[in-house]
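Put together the whole structure using the sequences plus the hints.
Take 2 as the starting number for the sequence shown in the numbering used here and just add one per residue.
Some clues are possibly wrong.
Pairs of lysine to aspartate or glutamate, DMTMM-like flavour, derived with a Cα cap of 25 angstroms [as the list claims (entries may be wrong)]:
#: 1; residue 1: K107; residue 2: E468
#: 2; residue 1: K72; residue 2: E202
#: 3; residue 1: K197; residue 2: D492
#: 4; residue 1: K300; residue 2: E362
#: 5; residue 1: K197; residue 2: E66
#: 6; residue 1: K109; residue 2: E159
#: 7; residue 1: K76; residue 2: E499
#: 8; residue 1: K109; residue 2: E468
#: 9; residue 1: K467; residue 2: D365
#: 10; residue 1: K107; residue 2: E159
#: 11; residue 1: K161; residue 2: E142
#: 12; residue 1: K76; residue 2: E142
#: 13; residue 1: K155; residue 2: E142
#: 14; residue 1: K467; residue 2: E108
#: 15; residue 1: K197; residue 2: E499
#: 16; residue 1: K107; residue 2: D365
#: 17; residue 1: K275; residue 2: E202
#: 18; residue 1: K360; residue 2: E468
#: 19; residue 1: K300; residue 2: E159
#: 20; residue 1: K72; residue 2: D194
#: 21; residue 1: K155; residue 2: E362
#: 22; residue 1: K72; residue 2: E142
#: 23; residue 1: K76; residue 2: D492
#: 24; residue 1: K360; residue 2: E159
#: 25; residue 1: K300; residue 2: D367
#: 26; residue 1: K467; residue 2: E362
In short, the hints are calculated from the structure, not lab data.
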Amino acid sequence: MSGSTLLVLSLLMPLAGAVLIGLAGRSPNLREAVTMTTAAALFAIVIALLMRFNAGPAPEVMLQEVMPGLKLALKIEPLGMMFAVIASGLWIVNSIYSIGYMRGNKEKNQTRFYICFAIAIMSAIGVAFSANMFTLFVFYEVLSISTYPLVAHKQTPEAKASGRTYLGLLLGTSIGLMMVAIIWTWVATGTLDFTKGGILEGKVSGALAPLLLALYVCGIGKAALMPVHRWLPAAMVAPTPVSALLHAVAVVKAGVFTVMKVAVYIFGVDFLAKTGAATWLMWLAAFSLLAASIVALGKSNLKARLAYSTVSQLSYVTLGAALATSMGVMGGSMQIAMHAMGKITLFFCAGAIYTATHKTEIPDMDGLGRAMPFTYGAFLIGALSIIGLPPMGGSWSKWYLLIATADTGQLVMMLVLMVSSLLNVAYLLPIVGRGFFAGSDAPPAHGAVHAAGAAPAPDTRLRAIKEAPLFCVLPPCLTAAGCIALFFYADSLYRLLEPITRP
Numbered sequence: 002m003s004g005s006t007l008l009v010l011s012l013l014m015p016l017a018g019a020v021l022i023g024l025a026g027r028s029p030n031l032r033e034a035v036t037m038t039t040a041a042a043l044f045a046i047v048i049a050l051l052m053r054f055n056a057g058p059a060p061e062v063m064l065q066e067v068m069p070g071l072k073l074a075l076k077i078e079p080l081g082m083m084f085a086v087i088a089s090g091l092w093i094v095n096s097i098y099s100i101g102y103m104r105g106n107k108e109k110n111q112t113r114f115y116i117c118f119a120i121a122i123m124s125a126i127g128v129a130f131s132a133n134m135f136t137l138f139v140f141y142e143v144l145s146i147s148t149y150p151l152v153a154h155k156q157t158p159e160a161k162a163s164g165r166t167y168l169g170l171l172l173g174t175s176i177g178l179m180m181v182a183i184i185w186t187w188v189a190t191g192t193l194d195f196t197k198g199g200i201l202e203g204k205v206s207g208a209l210a211p212l213l214l215a216l217y218v219c220g221i222g223k224a225a226l227m228p229v230h231r232w233l234p235a236a237m238v239a240p241t242p243v244s245a246l247l248h249a250v251a252v253v254k255a256g257v258f259t260v261m262k263v264a265v266y267i268f269g270v271d272f273l274a275k276t277g278a279a280t281w282l283m284w285l286a287a288f289s290l291l292a293a294s295i296v297a298l299g300k301s302n303l304k305a306r307l308a309y310s311t312v313s314q315l316s317y318v319t320l321g322a323a324l325a326t327s328m329g330v331m332g333g334s335m336q337i338a339m340h341a342m343g344k345i346t347l348f349f350c351a352g353a354i355y356t357a358t359h360k361t362e363i364p365d366m367d368g369l370g371r372a373m374p375f376t377y378g379a380f381l382i383g384a385l386s387i388i389g390l391p392p393m394g395g396s397w398s399k400w401y402l403l404i405a406t407a408d409t410g411q412l413v414m415m416l417v418l419m420v421s422s423l424l425n426v427a428y429l430l431p432i433v434g435r436g437f438f439a440g441s442d443a444p445p446a447h448g449a450v451h452a453a454g455a456a457p458a459p460d461t462r463l464r465a466i467k468e469a470p471l472f473c474v475l476p477p478c479l480t481a482a483g484c485i486a487l488f489f490y491a492d493s494l495y496r497l498l499e500p501i502t503r504p
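Shown next, in the form of structure tokens:
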């Protein structure tokens, strides 16, 4: 099978899955079997494309020429290949988790949920394999629209309001700002193709480059850079599998992926470095990185704390692009993968806790770690990866970002990265500490009652394991293992991404 055929299949497979899920909606077992089969088939296609990409020329295909020189086209390059592997691989794990969560919480409209999820994955694959900025914009918008029903899934007044905020901000920024930047680029250069080294040098003056970059970055609302971040905390009203989709699998990853693509293939790293066009962006990313962490410290709701953590962690990617060095691009690009694995672990754990206990506030979770050791153990590993401590994958992306700040003499940015890691410790590790070591008002296990006046029996709660259903516990354990695996196999990711850092 040719590479171009595989590229088309990578879009058709999840789309066909969405149709079949709808047809199988009356049979939950069949519907979920279709979801799992489709996810596995897509991952197999993406791995086949990865093998083709590593072995020879990059597969590409033109879908439609809209007007002379403006095409809907797909082409593989290293950054997109990485994103496609992340999105397709995590769809399998998220599908397992979704089955346990949606059934365990007796969620309504499950068929619609799985259909929209499949369309969202198709959109993410389209974003990943886009050959030009026009194609990326089309799939970017489809991703926004297809995830709106997921954010508003519960159909409560709060969910509907959050959905409006979500869709309004994402469509408003992309149409009002990013589309303007795309038109400006087309008029100035006559092309929107992603080109190594960029397409703007000699076409846009150094004085106007910061303005064009601002239109792009502020228009990419999915990157959740402050102040265009409000949609992300608002979307936390959605079920946890949706939160995992938003934070780890597709939506925010599509945002920071687009920021990196614009920096590398539209502006070009050398052009950004020579003009200083991204200096302002570096400071804005640093502000978002610290400010979101400080806000997270004050949140007692677990998903809200993780949402602001995401805003902070995404800023590492933007900072890497803004540093405009090969190590900055490498660190920011690796952060896309490392954050995906760590953050999906944390959200899976949050959902498992809710499914088992219906608790959402951190102070109410004291002692739960003793009853849910697998969930809290996975949370600890995910948290350590987000913080950036070895032997977790997140340590590599932050290491390369530190090297980039040293290369450019940006000692303030180096300090920002260090302070941010300390803030990560402050808002993530106490959750684990309280879970394992704080007291609990939970009743003792059956048979632990002792006679009045007698010495209390040993705390049998330590032996009373009350985890969520298996399908809610297995996925975070798998992704936690992935956080560790990314540390030891980071060289494979480095080799995949290395071509984008070369002149």
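Does the alpha-carbon distance linking K467 and E362 stay inside the 25 angstroms limit?
OK: K467 and E362 at ~19 angstroms, within 25 angstroms.
Assess, step by step, whether the Cα of K300 is no farther than 25 angstroms from the Cα of E362, and give holds or violated.
9 angstroms, holds
Agreement of K72 and E142 with the hint, judged by alpha carbon distance not exceeding 25 angstroms:
Holds: K72 and E142 sit about 16 angstroms apart, inside 25 angstroms.
Please verify whether K467 and D365 have alpha carbons no more than 25 angstroms apart.
16 angstroms, holds
Proposed proximity, D367 with K300 (alpha carbon, max 25 angstroms)
16 angstroms, holds
Take a quick look at whether K197 and E66 sit within 25 angstroms of each other, Cα to Cα.
22 angstroms, holds
Taken at face value, is the distance from the CA of D194 to the CA of K72 at most 25 angstroms?
9 angstroms, holds
Does E159 lie within 25 angstroms of K360 when you go C-alpha to C-alpha?
Holds: K360 and E159 sit about 19 angstroms apart, inside 25 angstroms.
Proposed proximity, E142 with K155 (alpha carbon, max 25 angstroms):
Roughly 23 angstroms separates the two Cα atoms, so the pair holds.
Under the criterion that the straight-line Cα-Cα distance not exceed 25 angstroms, is the pair K76, D492 satisfied?
Given pair K76, D492 holds - Cα atoms ~24 angstroms apart, limit 25 angstroms.
Measure nothing beyond the straight line between the CA atoms of K76 and E499; if it is 25 angstroms or shorter, mark the hint as holding.
18 angstroms, holds
Hinted pair, alpha-carbon criterion (25 angstroms max): K107, E468. Please report holds or violated.
The given pair, whose Cα atoms are some 17 angstroms apart, holds under the 25 angstroms limit.
Violated hints are absent here; each numbered hint is respected by the structure.
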